[in-house]
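These protein sequences, in sequence, are chains A and B.
Count along the first sequence from 1, then add 172; that gives the number in the numbering used here.
Count along the second sequence from 1, then add 4; that gives the number in the numbering used here.
For the record, the hints were derived by calculation from the structure and aren't laboratory data.
Misleading hints may appear alongside valid ones.
[To be verified] One side only, chain B facing chain A, incomplete, derived with CB under 8 Å:
hint	residue
1	Glu80
2	Pro89
3	Leu94
4	Glu99
5	Val218
6	Asp221
7	Ser222
8	Glu224
The C-beta atom is built at its ideal place from N, Cα and C for all residues, glycine as well.
Each chain, letter by letter, is given below.
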Amino acid sequence: MNIRKVLKGLYALWFREFRVFTREKSRIISSVCLPLFWYFIFGNGVGSAMPAGAGNYQHFIFPGFLAMTIIFTGLFAGAYIVWDKKIDFLKEVLITPLSRTTVFFGKAMGSMTDALIQSYFLLLIGIVLGIPFTLSSILLSMLMLFVFANGLISLGLIIGSFMESPEGYGLISSFVIYPIFLLSGALYPLDNLPGWMKLLTRLDPATYAVDGLRAVILGTSSMSFTANLLVVLGFDVIMMFVGTWAFKRMKL
Amino acid sequence: MESIKTIELKKTYGEIKAVDGINLAVREGEIFGLLGPNGAGKTTLLMMLSTLLKPTSGTAIVNGFNVVTRPDKVRESIGMVFQDPSSDTLLSGYENLKLHALMYNLPLKEINKKIEKVLELVDLQKRQHDVVKKYSGGMRRRLEIARGLLHEPKIFFLDEPTLGLDPQTRQHIWTYIRALAEKIKMTIIVTTHYMEEAEKLCNRIAIIDHGRIVALDSPENLIHATGGDIVSLKGQKLNLKELESLTFVKGIKIVEGKFQLAVENAGKNLQEILSTAGEVEFVKVHSPDLNDVFLFYTGREMREEGDEVGFMQDVTRAT
Ligand SMILES: Nc1ncnc2c1ncn2[C@@H]1O[C@H](COP(=O)(O)OP(=O)(O)OP(=O)(O)O)[C@@H](O)[C@H]1O
Ligand SMILES: [Mg+2]
């Protein structure tokens, strides 16, 4: 394997994704504003019904909304590859001497950048909103978001590689996005759920990302940060394996 | 050495035989045309030669490498202009080229120089920093031709490079391709269903129909094989027997209600044909073009309405 060739290929694919991201202003704005919008609606709306009051509830759900940006951009990344198929840009990429593995990781890196810019920006807003951050909790949150983004973007790319039309992708991905988000404990504590539902939440990788973020940001969690991080890392590894396999078998 | 060799190459989609046993040998440095109507299998063939589609059966060797076992080597040897536009419209022309150069692992120091060179070739230097969204169809096509050439492939595939463009732009694109073939030594495979283009540009042409090659030769030889000029006649009661017995009439076919005569030296013999034929409502004389060649081999008309007709003189007589 020629390292130079792989690095240049990765850079090219990353560059393209990033350029397109910065040119589509509406996409940036909506992907930052949408989570914020939900955050305030939920925080104030549901929060006012909470015995502990809106303020605490807002703090409680903040990690969930960090995860939300990742979930949404991750699945958007998948939509993007379906889009590439549609506009035939994917042919241009697949006809180059780059291996499918390189194509997979290049695409993943591009979308990672988008997702991380957005979620790190929300992290900053969190500081402004008075979420009790410390330097180490910020750094650890960034780490968790990074690892989580990697797994979810791979998932998005996997689904995208099987789909043929953006419409089909939209349908399938909403069957994935909402369960992942809603079962993650982003909006409510998971402790008092009925057993079968608890099992489902345990199968949701976002559960561990959110729990890990809570561990460092709020100091309350059911598992330690490290344990959560390891679970999400495990999810990453599986997704990357499946992802490279899915790209190798992908047809135009 | 042959640039491309295929043996009984096939691709089927369920019942549809898109490519149905193609045997080809394209020489190095040749401009080779694939001519055929819609759905003939031209794109499918190119997709297999460029490793994007797996053949159902048969073998294809491109630049000495088997497309199935050494796709990486094949991809390094080829450049491609796809039938449908495939540049990213949100990137500028320059960025599209830069991306391509990186993906082909061109040396960083040479990238800008090479981009400059291909942009000059297709005359797009001035617009290189505009996003592709703002390009016209012809400019976008030219950009994609430049992109396909950027890594200096040994073999260059062009899938209908002029489809959907106005005649003037088509003319332009062909001029570029011809200039290119002269400047850079490479094999060019081009598909089209505009015969006059294929005729002017290609060294050899394969006529494809229903996934098979029905004829393969130089344009001159293909045309020559049809035998002289074509005279089309229309009329209720033509003296066909007498016409057939004229020595310079080589054959008569019925095409869409008209009688088509293959005639030696029609310019000189038209008078005699007309007086022999009897009551003629309509006469048309033309030198055969590839459409007639297609007709000759398949018994069907290839040309669709709206296409221009090449060298043709209409002579209509009031009766
Ligand atoms: N993915 C596919 N699934 C099913 N059938 C296909 C597929 N791709 C092509 N075909 C069929 O294969 C045949 C050949 O198609 P192809 O695109 O190769 O023709 P073509 O000669 O390039 O035509 P055109 O001039 O319209 O571009 C057609 O009958 C087409 O419907
Ligand atoms: Mg085609």
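### Message
Which constraints among the numbered hints does this structure fail? Numbers only, ascending.
### Response
Numbers 5, 6, 7 and 8 - these are the hints that the structure violates, sorted from lowest upward.
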